[in-house]
Structure formats: structure tokens, C-alpha cells
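Using the sequences and the hints given, assemble the complete structure.
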Amino acid sequence: MMTIWQDLDSSNNKATQIVEQIRLHVEQQQLKPGEKLPPQRQLAEHLAVTVGTISRAYAQAELQGLIESKTGSGSYVKSPTNYQQQWGSLKGNNQHIELWQNTAFTQARAQQLVPLLQNYAQAGEQLDQLLDNDHSQNLVAQRESVCAWLNQSSSCFKPEQLFFSYGAQHGLNLCLIALELVGERVICEALCYPGLITLAKQLKIELKGVALDEQGICPDSLLSHIEKYHPKALYLTPTLQNPTTAIMSKARRQQIIDICRAHQVIIIEDDVCGLLPDQRPPAMVEMAPQQVIYLNSFSKGAFKGLRFAYLHTPAHLQTAFNSAIRGSVWNISPLLVDVAIQWIQAGFADKALIEQRRLIGQRAQLLHHHMAGMDYSYQEGGLHCWLRLPANWRCSQFVAAAQQHGVEVASAEHFVVDNQASPNAVRLSLGQAESNQQLDQGLAILAKLLKATPEPKRQLF
Numbered sequence: 003m004m005t006i007w008q009d010l011d012s013s014n015n016k017a018t019q020i021v022e023q024i025r026l027h028v029e030q031q032q033l034k035p036g037e038k039l040p041p042q043r044q045l046a047e048h049l050a051v052t053v054g055t056i057s058r059a060y061a062q063a064e065l066q067g068l069i070e071s072k073t074g075s076g077s078y079v080k081s082p083t084n085y086q087q088q089w090g091s092l093k094g095n096n097q098h099i100e101l102w103q104n105t106a107f108t109q110a111r112a113q114q115l116v117p118l119l120q121n122y123a124q125a126g127e128q129l130d131q132l133l134d135n136d137h138s139q140n141l142v143a144q145r146e147s148v149c150a151w152l153n154q155s156s157s158c159f160k161p162e163q164l165f166f167s168y169g170a171q172h173g174l175n176l177c178l179i180a181l182e183l184v185g186e187r188v189i190c191e192a193l194c195y196p197g198l199i200t201l202a203k204q205l206k207i208e209l210k211g212v213a214l215d216e217q218g219i220c221p222d223s224l225l226s227h228i229e230k231y232h233p234k235a236l237y238l239t240p241t242l243q244n245p246t247t248a249i250m251s252k253a254r255r256q257q258i259i260d261i262c263r264a265h266q267v268i269i270i271e272d273d274v275c276g277l278l279p280d281q282r283p284p285a286m287v288e289m290a291p292q293q294v295i296y297l298n299s300f301s302k303g304a305f306k307g308l309r310f311a312y313l314h315t316p317a318h319l320q321t322a323f324n325s326a327i328r329g330s331v332w333n334i335s336p337l338l339v340d341v342a343i344q345w346i347q348a349g350f351a352d353k354a355l356i357e358q359r360r361l362i363g364q365r366a367q368l369l370h371h372h373m374a375g376m377d378y379s380y381q382e383g384g385l386h387c388w389l390r391l392p393a394n395w396r397c398s399q400f401v402a403a404a405q406q407h408g409v410e411v412a413s414a415e416h417f418v419v420d421n422q423a424s425p426n427a428v429r430l431s432l433g434q435a436e437s438n439q440q441l442d443q444g445l446a447i448l449a450k451l452l453k454a455t456p457e458p459k460r461q462l463f
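First residue of the sequence shown: 3, per the working numbering; consecutive thereafter.
Hints were generated in silico from the structure; no laboratory data involved. Incorrect hints may have been included.
Computed spacing ranges between beta-carbons, pair by pair [claimed, not checked]: (1) Ser-57 x His-318: 35 to 43 Å; (2) Pro-41 x Ala-143: 50 to 58 Å; (3) Ala-150 x Ser-81: 19 to 27 Å; (4) Lys-160 x Ala-454: 49 to 57 Å.
Cβ atoms here follow ideal geometry from the backbone N, Cα and C, with glycine treated the same way.
Right under this line is the structure:
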């Protein structure tokens, strides 16, 4: 069986390559329904990668409906439904339509970026400073520029309390390290950003999920969890919550802040989608800058490939964050930060955000057209929707059926914290499809599936 696995290209993401090999082997029937995949350690040795790479690949393949994991037994190729025999393929070609990853649109950037990069050729001594490995701890001018940009609608951001990271995921990791949360308990939304769940497993952090309503975290549930678990920190996404799309009102934000302040719980505010809506309540950091660690990035609004994020911390945590950065990557590249600053100062970040909103609006119209009459949540400016499935569909069934017809969606189980019950729902990304036409096709497939009768369960006697 091991002979079907091909060597990996070192220039591309290895986990993604393994997933594509699984997909190809399934399509070519080299891996048959119900067949067990190689143990992770065995495949890792064969492909000369880490066990962690295989683990990520298997997790992605399961998310995409290709395989299923059985506790204590291993991973198996998923058995297909008989939709193809019942009423044929719903898509017109063999291309998979990706609606499972919550990502921003890809916008043309070269015409804007090339002149900025060419300026560095004449930068001389300034470029030498940006390439200096010991220069990054200061970055005073860059911090001031980002704060000036953020303070266009606020006044709470202070340069000395601002830190940079390699994307929001790295920024979140810095938060957990700086707050000394390894092995501790952290409270978060009961349905939560999967990146936090991954980090929690790596750092042996125990997550406790707080109940949600249409505005996000419920104050009563939050208070109960704080009194029961005595956590140091609360992680939440108050604007365009992932995956439910909830936007927390200003009054609710104040309630959450008051509860956390009274119990000395630091708030980690993930605001990566916060700039996308035209109108939204103030960020929690604006309401309580000494109670909130604020995290944002360029990924959702401006320049996702740059891997540039920023954090604003309470003053008393500055030393802890400096230490966390030193311990994780030694420092942040001054050149990378300066490229992002030049982007902001040239006005390109604001223009990219406007364009992102325009594209989101177009795709939201497609969503509303195809999902009319369905039970789903969507907020203006959002890059995803939360689709609650009809009672005759189980989540795992629907994800598998969608995958059989070439559409990848994210199952609710990937967002569940603390072994709580998984809702019968899926998340649909509006930004991942390559074009409006592809999204239109994918949503049409899902709409037809939602109205269909699922394959009946086998009866055991």
C-alpha cells in the first residue's frame, strides 16, 4: 500500500500535498471506501516528514470529507453516499469548490506593491537598518504609524503598547505565552475559532466554552464559568464571531468588560474581521484599554499573504510580550513591518478594505439568493455564514454529501470546545471560492442538497 504515496515537493505546503494525494488515490480507487490509511508514524517515515505534518494532513482530509477518524482504531476512507446513482453529479466539472476555509478574497496587489519595493533599492542606510537583526525591538516610527492609522476612529492605541507578529495565529500564540497560560484554563466561546483549539492542544491549555446567543457570549454563563474555573483570560471575537457571525452590541461588550474587570480576567479580543462591516460597535479595547489585549491583522481586509498582525496590550504586560516575542521568533522582521507601514501610508490598506467590502457585498447577494428560505445567519461585511441544517440532515451526512458533489464546507464539530454537543450546522466561506461564478455554482449545489432527501440509515436487526 505504501507504494502509492509519492515524494513531496519541498517548495509547497506538505500537509496540503498529502491531502491532494489522498483525494487523488480515492478518485482513482487506489484507496477504496472503508480502507484504513497508514498509521501516522509509518506514513511520516515513508514521506520523510514529521508526525505533526501527517496529523495536520489527516485533519484537513477529514474536514474535507475524504476520510474519517475512529478513536483507538485509526483513519479510514469515507464510504460514499449513493447520491451519484440516485440523481447524478450536481456539478459540471471535476473541480472542487472550496467553501470551508474562512479566508479573504485574493486581490491584485502587484501594481501597488512593486513601486514600494523599488523604493528600497534607493534606501541606502535606511535599508541597512531595516535588515539589522537587532533593530526590530524598537521600530518606534512604525509603531507610531500604525497607531496613527488605528486612531483615526479612536484614541486608545499607544505606540509603546503596540507589538507586531507574523499573522494573527502567531499573535494569539504570543498572548497565551505572555499571559503564562500553558497548562492553565482559558474560557472562550462554546463555538470557537479552530486556531485557538489547535494552540490549546499544543500548549496543554484546557478550554472551557461559554454559552452563546445572537450577540455572542452570554454574561450569565460567563460569570458562572469565571466563578467555577477561575481563569486568567477570556478569548472572544465580538465582531463577526467565528463561526456564528454574531456581532456583540456595545451594551453587551460593556457587560463582559465589567464582569472580567471585577474578577481580574484579561480579555483577548480577536478583531481580525472587525474592520469589514461599515458600521460596528466600538472595539472592546477602546472601552477598556487596560483590560483588553487587542489582536488584528491584514489577512481579512488588506493583504493576506504578508502575514502581518499587530497587538495592543495593557501597559503592565509590555515586558511579558517583549519576552514572548524573544522566546518565539527572537524578533519581528523590520523589513516586513516597514512594507506594511508603507502600504498603510500610501493609502493602499484603506483602498483594499473598501474593495474587500465591495466584493463581499457581491457574494452576499449570491448567498441570499440561494439560501432563501433556509435557516442561516449572516452579517453585513462577513466572510462566512452559519447554516443550520434541516432536521432530516445530520451534519456529517451533509458534509459528506456536499463533498461527493465537489463542494467542501466546514462541519460544526471543528468549532466545538470542551466536548460539548455539536450543533447541526456548517460554516460556509464566501471568500475562498476563486470567483463569483464558482461560488454561485457551489451555493446552487448546496441549495439543491438541502432540499433533497438524505440517504436513509441502514437498519440493524
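Problem - Violations among the numbered hints - result: Of the numbered hints, just 3 does not hold.
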